[in-house]
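K.L.:
Chains as they are written, first to last, in this note's numbering: chain A, 2 to 116; chain B, 2 to 116.
What the hints contain is simulated information worked out from the structure, not anything from laboratory work. Among these hints, one or two may not hold up.
Note that the list lumps identical chains together, so a pair holds whenever it fits in one copy or between two copies.
[Claimed, not checked] Straight-line distance between alpha carbons at most 25 Å, and here's what the computed SDA-like set of lysine to any residue pairs gives:
hint: 1; residue 1: LYS12; residue 2: GLY28
hint: 2; residue 1: LYS103; residue 2: ALA7
hint: 3; residue 1: LYS103; residue 2: HIS71
hint: 4; residue 1: LYS103; residue 2: ALA23
hint: 5; residue 1: LYS103; residue 2: ASP70
hint: 6; residue 1: LYS90; residue 2: THR13
hint: 7; residue 1: LYS90; residue 2: ALA7
hint: 8; residue 1: LYS103; residue 2: SER10
hint: 9; residue 1: LYS12; residue 2: GLN91
hint: 10; residue 1: LYS103; residue 2: ARG73
hint: 11; residue 1: LYS12; residue 2: THR94
hint: 12; residue 1: LYS12; residue 2: PRO89
The model shown is predicted, which means the values in this text are computed figures rather than measured ones.
Below, each chain spelled out in residue letters.
Protein chains: 2
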Amino acid sequence: MPDGNALISGKTIQGTRVYSPAGDDLGHIDDVMIDAASGRTVYGVLEFGGFLGLGSDHHAIPFGKLTYDHSRDGYVTDLTKEQLEAAPKQDETWRENRDWQKRSHEHYGVAPYWL
Amino acid sequence: MPDGNALISGKTIQGTRVYSPAGDDLGHIDDVMIDAASGRTVYGVLEFGGFLGLGSDHHAIPFGKLTYDHSRDGYVTDLTKEQLEAAPKQDETWRENRDWQKRSHEHYGVAPYWL
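So here's chain A without its partners, still in its complex pose:
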């Protein structure tokens, strides 16, 4: 279980559920993305099924938008389903695609990790 005052294991994060503040289950974290230059964890990759009218899909969200909630044994994000649905479409290049990253951070109102 990730702990807000300690170290969290990448393996443990994988599979942790993500909820809205109201308690809706948005999916689970499938992976974390680490900025090689700084060592910072910059995205949690949310895996979800269904609510966008698609099959299981992946969606990188800024790691700072995930807050661990012990009472739920999962992350809570203040991002809404609507924000997730309206996010810039993510293709296979997103890890290296600064243009997508810029649009994504703008969409979420989160400062870029690379500046």
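Since the structure of chain A is provided, determine the placement of chain B on it from the hints.
P.N.:
Structure of chain B alone, referenced to chain A:
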């Protein structure tokens, strides 16, 4: 494959081999440890078998001591086997054990991540 100029996936790091500068295979990364407070990746957990005269074991090393080398498709560390062998013994509390972490960072000559 982790890329020095891009984002690296926690899942991909898991299993990546670790070499000495001379090319000795020291083991592989089993997990990464993320400081919940800052989001920084602070340790790579090296899994190795045998060279300490033990079975498979785990050893947290400061993440900054791991440099990705494309030609080897793995990490290279300038830590020697002797340094690893002489490192402060790691028990189950190490994730929360600041005393162990202090001794470990001193041993490796790496600035603490928590200051």
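K.L.:
Each hint needs a verdict: does it hold in this structure or not?
P.N.:
The hints, checked one at a time:
1. In this assembly of identical chains, the alpha carbons of LYS12 and GLY28 lie at most 25 Å apart whether taken from the same copy (17 Å) or from different copies (18 Å).
2. When the C-alpha separation of LYS103 and ALA7 is checked against a cutoff of 25 Å, the pair qualifies only between copies, where the shortest distance is 14 Å, while the shortest distance within a copy is 30 Å.
3. Taking the closest pair of Cα atoms, LYS103 and HIS71 never come within 25 Å of each other, the shortest separation being 32 Å inside a single copy and 27 Å across copies.
4. In this homomeric assembly, LYS103 and ALA23 never come within 25 Å of each other (Cα to Cα): the closest approach is 29 Å inside a single copy and 40 Å across copies.
5. Taking CA atoms no more than 25 Å apart as the test, LYS103 paired with ASP70 passes in neither setting, with 28 Å inside one copy and 28 Å between copies.
6. For a Cα distance limit of 25 Å, the shortest separation of LYS90 from THR13 across copies, 23 Å, qualifies, whereas the shortest one inside one copy, 27 Å, does not.
7. In this assembly of identical chains, the alpha carbons of LYS90 and ALA7 lie at most 25 Å apart only when taken from different copies (19 Å versus 34 Å within one copy).
8. For a Cα distance limit of 25 Å, the shortest separation of LYS103 from SER10 across copies, 19 Å, qualifies, whereas the shortest one inside one copy, 28 Å, does not.
9. Taking the closest pair of Cα atoms, LYS12 and GLN91 come within 25 Å of each other both inside a single copy (24 Å) and across two copies (19 Å).
10. For the homomeric pair LYS103 and ARG73, neither the shortest alpha-carbon distance inside one copy (31 Å) nor that between copies (32 Å) is at most 25 Å.
11. In this homomeric assembly, LYS12 and THR94 come within 25 Å of each other (Cα to Cα) both inside a single copy, at 24 Å, and across copies, at 17 Å.
12. In this assembly of identical chains, the alpha carbons of LYS12 and PRO89 lie at most 25 Å apart only when taken from different copies (24 Å versus 27 Å within one copy).
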